[in-house]
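Chemist: Sequence:
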Amino acid sequence: MTKLKKYCAFAVIMAITLTACTENSMTPESQSEHLSKKSGSVLKTDIFFASSQLTGGTLLFKSGFQGGTQVSTISSNRDDIIGDDYGYDWTSTLQGSSSLFNDFYINYESGASTDRIASIVQTPNTDPAIFAKSMQFKIDNATTCYAPSPSYPNGNCKARISGELFSRTPQNTKEYYQKVKVYLPDWQYLEQSTAPVAGGWFILWEMGNDPLLYNKFKANLQIRKAISGSTGALRFYVKGENTYNNAINWSTLWEYLNTSFQVPTNKWMTIEIYMKEGDASNGRFYVTATPDGESTSVICNIYGTTYNINNTVNGFETFNPMKAYCSSEVIDAFKNNGKSLKVLFDDLEIWSNRRP
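In mature numbering (1 follows the signal peptide of the UniProt record, and there is no 0), the protein residues as written are -22 to -1, 1 to 334.
Worth flagging that the hints you see were computed from the coordinates, not collected in a lab. Each residue gets a CB set at the ideal place from its N, CA and C atoms; glycine is no exception. Where hints are given, some of them may not hold.
[Claimed, not checked] Pairwise CB distance ranges, derived in the manner of DEER restraints:
# : residue 1 : residue 2 : range
1 : 317       : 289       : 24 to 30 Å
2 : 106       : 74        : 40 to 46 Å
3 : 70        : 147       : 16 to 22 Å
4 : 175       : 98        : 30 to 36 Å
5 : 222       : 177       : 17 to 23 Å
6 : 315       : 103       : 16 to 22 Å
7 : 289       : 80        : 19 to 25 Å
8 : 93        : 169       : 23 to 29 Å
Based on the sequences and whatever the hints tell you, model everything.
Modeler: Written out as structure tokens, the structure is:
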């Protein structure tokens, strides 16, 4: 393995500890950037570059959206992915009687196919003769709007394309690992814009436990700027939240903005995500990103509570392994340049017992 320059930095955020450390001798870096939030400050720690730290486990499902894979209509606001991709079937393998999961669909929430659509398309920058395919989420309009409220003081409109995966028995799903390739075409226009603004968002991945909003926990992986409402590089941001006040509001348990890794545009990257249900000492959220041809970067390594503190530890309920969920100004950054917001996914893998 290539000898790597090693870094270690520690930051304590609220009631959690984030670590980003390497294997050999460690050199502390006294770099810290603060992001003002209602819930506190987000501290920057160094990422490090290494091969994937996730090993072992059993492959449960994979799809490169090849073979007989296709998008099938369920209703005006839901689609399905069906078909077999060289031995792994979206129905019988992913949702079969022996699977940890029992349902999957694509949720649009509102709007029509002209506003947002999931489809299987030719993989960018490949020869059409080889029939390389990828899943594309495309959004042109935000169609779900809210009046001013505690969650949206100024009101807001949003759009959603979300792969919804449900645990068969949540008590049996207390750890989760996935790997997926992501491509962000034309996202330089988001860099050049001031989106997302304060209160805006773009969510790429999300999970939750407890099906009702009461006593619910969720964690997500977002793409944003180091300073909301500014132009510049795109960054990964992660957050874990609980509902409170009869589900009217969300309370941040932990959050982390990585300002060392720049999210690539117009280039494939592989994202690995591991999550373990637990309290502040044994719950965990771990994310890596590997742009094609580059080294792996640990985006976050969070030890913190991953269930609602007003509830019991009862397993993970839902996962969004592929997601494009955003506020309207994110879409406008593309529309103002004659483009659609697009996210492409490929080579999705879901494993059991695969850990950092």
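Chemist: Does each hint hold? Answer for all of them.
Modeler: Structure-based check of all given hints:
Between residue 317 and residue 289 the CB atoms are about 42 Å apart, so this pair departs from the stated range of 24 to 30 Å. For the hinted restraint 40 to 46 Å between residue 106 and residue 74, the CB-CB distance of approximately 33 Å leaves it violated. For the pair residue 70 and residue 147, the supplied restraint of 16 to 22 Å holds, since their beta-carbon distance comes to about 18 Å. For residue 175 paired with residue 98, a C-beta distance near 33 Å keeps the hint of 30 to 36 Å intact.
The supplied range of 17 to 23 Å is met by residue 222 and residue 177, whose beta-carbon atoms lie about 19 Å from each other. At about 20 Å, the beta-carbon gap between residue 315 and residue 103 stays in the expected band of 16 to 22 Å. Checked against the hint of 19 to 25 Å, the C-beta distance between residue 289 and residue 80 comes to roughly 22 Å, which is consistent with it. As the Cβ distance of residue 93 to residue 169 is approximately 24 Å, the hint placing it in 23 to 29 Å holds.
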